[in-house]
Amino acid sequence: MNLERRDFLKVLSVGALTAGNVTSVFAGIRKTLSADAVGILYDGTICIGCKACEAACKQYNDMPPESANLEKATGVDGIWDESYDLSEKTLNKIKLYEHGDASTRNREENGFAFVKKACMHCVDPDCVSACPVTALTKNSTTGIVEYDKDACIGCRYCMVACPYNVPKFEYAKAIPEITKCEMCNHRQAEGDIPACCEFCPTGASLFGNVTDLLEEARKRVKLVAGSTYEYPMRSLDEGDLTPKTVAPYINYIYGEKEGGGTQYLLLSAIPFTKLGLPELSATSSASKSEGIQHGIYKGMVAPIALLGGLLYGAYQTTKNSEG
Amino acid sequence: MHEKQALGGKLLTKPFWVLLGLAMIAGLLLIKRFLFGIGAVTNLSDGYPWGIWIVYDVLVGTALGCGGYSIALLVYIFNKGEYHPLVRSALMTSAFGYTLAGVSIFIDIGRYWQMYNVFLPWHINVNSIMFEVAACIGAYVFVLWIEFSPTFLEHRKSLETKRKLNKFLFFFIALGVLLPTMHQSSLGSLMIIAGEKLSPIWQTGWLPLLFLLTAITMGYAVVIFESLFSAVALKRPLDETPILGKLSTMMIPLLVLFLLLRFGDLIWRGQLGNIFNDGMLGAFFVVENVLFLIPVIMLASAKNRMKATTLFWSAGSMILAGALYRFDTFLVAFNPGVGYHYFPSASEILITVGIISIEIMAYLIFVKKLPVLPAIKHS
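Top to bottom, those sequences are chains L and E.
Mapping to this note's numbering: the first sequence position 191 is 228, numbers consecutive.
Mapping to this note's numbering: the second sequence position 299 is 287, numbers consecutive.
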């Protein structure tokens, strides 16, 4: 038994495994917005909770309403939409925050506020990094996170990865798909804007170029509460403005930094954590996971070196044996 | 060359019928799953997209299937020929464990008819840890059956083919060490992307190394546990105790390294105190690490290592520890947010039980019909 070879192999195998791991530094912000990236600015302070966006979303994405068992039993199915949260049939959802006597809008104590949940269209999406078969992709121009059912194997790793629990799976179907908001890319292809923005009566859901929307959001959080501001309706480019009284904004744009940034931005007068939005670090989890994985597998050097050592070892030990 | 022998004996024993019954119940439930969707038989939800089919059948199942990997590493790479008698049965258990993990993945994924996309170059995503895991496990199932094939060839007396295969076997042995090294570590990396949804007590960049260390250790524990268990269950002499005792020493440094890394990382990240902040998770953490510590303590003395009962219980504790560590990382400490809960449904559990039954039935058929276990020495 030659000791040298044994030691060499030990060093090689242990070293190959750990080297990448130890030295890999978590990647920082590594992806930036494309200049033509589009997004939605949702301003919860001017939302009235009418759910016109939800109805429009369902209509233009062919999503059926969700109804309660009682309605199903009495045979009057499909009039009232009863989804509890985002689901495989509900791609956007208005939710209500209530506290105490809920007497005043946009107030944390004894008040109420609205929030809209939908895909955040992350700048560096964890779901896209997670998908083993490239069924989820980030459009290089619009930045929309898109889904291709013909690639998808239904492993649901995107659902594990998404910090907002956005991708949904059709558990009740034998031939299931993942469903998520694709920012009405079928409407955008025909020059229209996302249905939720088109049919929002107050301008709470506002479509536009993400850079422009960020600028608009920065302007709004600086506004003096009680003053009047001309809020754009539907789309930033449309130029249709409506004057409204400014609510006491929290000086924070949710989505500007979360997980490396998102193309869906939110404004609110009450803390975002109260609205069920997660507190996230400024870099995506994908940057950490890919940083480690690519650290270990950089240029496939470590696996190939390890395989070389293993081939040598296995050959030496088996060449004289009968098996 | 160590003599191997088929056990022979009656196949359709009473336990075998029970196992067959359990497998058939699972089969019926699977018909339901494929006709009415995954929701018809599981408690999976939008918050908990993975349940016991992934965590038990795939994560724990393949770690339990690491016997072949761990022993091959010793025998063929570190040239410890004395463990050669253990190779064949370890490879067999690995082949079953991994094959059935593959079957479980097929059952669990929603769009199974497109499963092959994972191997199509124009579909794969090299950034995806899931791609690495899927491709590696797929390849390893194939490698395991090639590594095990000399047993079939011996049984069929195709000695010429066996001799030819032996010339190339070193290549598959090397792959059979490389692939598990890659995917067992990547199975841990899978959860890094879950980010803040996984408790900081478990969420760390060291997940790949922690998973790899426990997978190798579980591999040794399974070989020990299975040898002793099958010796008692199949009424064979406990001839292998000395070599198993020697094998058990491999677990100690691996476990010490694991515990140092686990606690060192928690201290480094300032998360050790969190164990006391979260009652339930803290309790799971303590139980998990006590189970890891038990084999270290029980196997510390050479005298203890020669006792079959000590070996049996320390290996059992190690298996439970590794299994719990996986359950904690993927389910217990995974919190997608308020309002989501998961506990497996009866159907979900019965399908997993059915798969385990098939594994045990296959084991019984193989050891009784094929030359897998070392021949009993008659003196």
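Please note that the accuracy of each hint is not assured.
[As the list claims (entries may be wrong)] Distance condition first, Cα-Cα at most 25 Å in a straight line; then the derived DMTMM-like pairs of lysine to aspartate or glutamate: (1) E/20 <-> L/214; (2) E/20 <-> L/219; (3) L/311 <-> L/145; (4) L/281 <-> L/122; (5) L/68 <-> L/183; (6) L/88 <-> L/253; (7) L/335 <-> E/253; (8) L/186 <-> L/229; (9) E/20 <-> L/103; (10) L/88 <-> L/187; (11) L/294 <-> L/277; (12) L/281 <-> L/316; (13) E/357 <-> E/227; (14) L/126 <-> L/253; (15) L/356 <-> E/148; (16) L/259 <-> L/145; (17) L/88 <-> L/185; (18) L/294 <-> L/229; (19) E/357 <-> E/184; (20) L/186 <-> L/214; (21) L/311 <-> L/146; (22) L/311 <-> E/-9; (23) L/210 <-> L/253; (24) L/356 <-> E/266; (25) L/294 <-> E/184; (26) L/186 <-> L/252; (27) L/132 <-> E/266; (28) L/88 <-> L/145; (29) L/356 <-> E/184; (30) L/130 <-> E/184; (31) L/68 <-> E/266; (32) L/311 <-> E/266; (33) L/95 <-> L/122; (34) L/259 <-> L/274; (35) L/68 <-> L/275; (36) L/311 <-> L/183; (37) L/186 <-> L/207; (38) L/210 <-> L/103; (39) L/356 <-> E/142.
For the record, the hints were derived by calculation from the structure and aren't laboratory data.
Check each numbered hint against the structure and report the violated ones by number, ascending. As far as the earlier hints go, 2, 4, 10, 11, 12, 14, 17, 18, 19, 22, 23, 24, 26, 27, 29, 31, 35, 36 are violated by this structure, in ascending order.
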